[in-house]
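Student: Top to bottom, those sequences are chains A and B.
Residue 406 in my numbering is what sits at position 267 of the first sequence, and the numbering runs on without skipping anything.
Residue 51 in my numbering is what sits at position 42 of the second sequence, and the numbering runs on without skipping anything.
Hints are computed from structural coordinates only; laboratory data are not their basis.
If you're wondering where the values come from, they're calculated on a predicted model, not measured in any experiment.
For every residue, glycine included, the Cβ atom is placed at its ideal position computed from N, Cα and C.
A couple of the hints might just be wrong.
[What the hints assert, rightly or not] Listed next, with one range per pair, are the computed distances between beta-carbon atoms:
#1 V261(B) to P388(A): 52 to 62 Å
#2 P311(A) to S272(B): 41 to 51 Å
#3 E116(B) to S345(A): 52 to 62 Å
#4 T171(A) to E186(B): 22 to 32 Å
#5 G176(B) to G315(A): 19 to 29 Å
#6 Y389(A) to V261(B): 16 to 26 Å
#7 E186(B) to Y333(A): 18 to 28 Å
#8 I403(A) to Y180(B): 44 to 54 Å
#9 Y180(B) to Q379(A): 19 to 29 Å
[Stated by the list, open to error] Here are some chain A residues the structure puts well away from chain B; computed CB gaps all over 10 Å:
#10 G221
#11 L234
#12 V293
#13 D369
Okay, here's what each chain looks like letter by letter:
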Amino acid sequence: MRTAALALAGVLIVLVFGLSMPGVRAAGPTLTIVSPADHVVIGNGTSVAVIFVVSDFNLTPPGTGGPGPSPTEGHVDVYVDGVLTIAVSQETIDLSLASGTYTILLRLVSDNGTALSPDVTSSITVTVTQGPAVGTPRIQISYVEITYPTPGLVLGRDVTISFRVTDFALVPPGRGEPVPNEGHVAVFLDGVYYMSVMAFRPIPFSDLVDGEHTVTVRLVDDAGQALTPDASDSVTFRIQFAAIVDINPYLSITQIVLAGAIFIVLFYRQRGGNLLKILSARFGGKNA
Amino acid sequence: MRPQAPTARQHPEARRRSTMLALVALMSLLGVSLSSSTAVAAAPSLTIVSPANGAVIANGTSVLVDFLVSNFAFVQPGRVGQIGSPNEGHANVFLDTQYIRLLTAVEPFSLPVTSGAHTIRIQLVADNGTLLNPDVSASVGVVATHGPDEGAPRLKILSPTPLEATGHGIYVSYRIENFTLVEPRGQPNAPSEGHVQLLVGTDVVMEVIQYEPVLLVSLPEGDITIGARLVNNDDTVLANPSASATVAIHVVASSSVSLPLVSNGGIALLLAFILVVLILRRRKLAARDANARGGSP
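Based on the provided sequences and hints, a complete structural model is requested.
Tutor: So this is what it looks like as structure tokens:
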């Protein structure tokens, strides 16, 4: 009876000490990504600052740990889309990533690089864009060169149209999957695709025929698909061009006529005169 | 009573000694007390040394933040067997409202910043991430720009020259100083960055971010003024007068005069002249022949 009581007291003491001493908690190391949030959009092409915290784990720079693998000491391996990118022992990781969607996975490893048992990982998915992280893309035709003194009337065959975009970054297409707030401008002339514009610059139109024309500019993603909601703007103007008559053909004809006339005059003067004399002499001889 | 005399004489000495001992003990206690109370009561402090408040971070570079901390030990959160202490922990860094760094060492760090005004805030926190009581934080405001940090923006039109006569199209060349051209896409204004507006008269006809000459077409005939000016990202014109320039030019009507036209016309005129001369000479010869034959033609 006394022995049982002593054993029970011992167990209780061990239990109390075990619960009260954090150093011997059996939970094991943990790893949590604090920032950024999962599925967040990183704007303006900035680097992705991944912040994590660990528990019950001592972070040491790779190669500086004690001899042999330790389950409570090591560093963090960083994987981007499954590819080991960097090993860190600091809680903030700066990842420079191109536009696209990535899965970032962090794994606690011992100093020799072996994963803990059980594996301790944390992962997030982020999307990087050259455009802003938030905002609704818009495009607006700002100026039509040159439609004055009469608005909407262009006295020439060449027109330059300026536009401006908001909350959208213009980048060359073909860089990969579409990402938010990034793409290029598709230009349509009278409803027909005319060109792509991948930078902020005026759009030139040349040799337009007389009459009304409508230019539409539309923001599209990397694949050329219109955004949702659609972001576009249109302008209609009238070309009225006073054509200049080309008189070169008429001058050529005139030259030919003049050359012929000169030839005739010369012929009349040299041979024509003699011919007249001969003819007059013959006629005079017959009459005589 | 006599035996009491020495006792009475010794008593003040004993009392003095006791007093001295008590004083020494009290001083010692006070010293220990003061030193220990200083260690306990000294509150953590945090100061951002660099950048200065309101500093301009120029040329699109990152901002280097340097800070000092006293009475606070930086440790890695989540260590094995970690027991929190009020004067140890780490620091969180916020750019505006975004959490961007967890610092476990008092070292300068670099932050990439986009154009515009930003606030950088550093906050000390306990090992478990809770705020200190009272809160210990420091913040600094900076303005980032792709432009230079000094020098007034200037724009000068190089071509066309004043009163130059031109056709309906013309290249406008300009030189920009102390200003960086960036694509406007709704971002905030920043010092010494923006784009260029080109004007015909008072009308803006084009916005560009290029340093190369810009072709203006379909210019109206007559005496007109070509202008160029530097504007902010939101199209507001810079107040600096040297950030804009104008030039008066004369646009003449389009002419179809060309080298083929001149040559063709010249040849036609020459032929016509030869023809006239030949005809006149022919008539003169005819008149001379008539005179030679006695007056009858």
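Student: Could you run down the list of hints and mark each one as holding or not?
Tutor: Against the structure, the hints come out as follows:
no., hint, in the structure
1, V261(B) to P388(A): 52 to 62 Å, "violated (26 Å)"
2, P311(A) to S272(B): 41 to 51 Å, "holds (47 Å)"
3, E116(B) to S345(A): 52 to 62 Å, "holds (58 Å)"
4, T171(A) to E186(B): 22 to 32 Å, "violated (51 Å)"
5, G176(B) to G315(A): 19 to 29 Å, "violated (46 Å)"
6, Y389(A) to V261(B): 16 to 26 Å, "holds (24 Å)"
7, E186(B) to Y333(A): 18 to 28 Å, "violated (36 Å)"
8, I403(A) to Y180(B): 44 to 54 Å, "holds (52 Å)"
9, Y180(B) to Q379(A): 19 to 29 Å, "holds (25 Å)"
10, G221, "holds (25 Å)"
11, L234, "holds (12 Å)"
12, V293, "violated (6 Å)"
13, D369, "holds (18 Å)"
Hint compliance for this structure: hints 1, 4, 5, 7, 12 are broken, all remaining hints hold.
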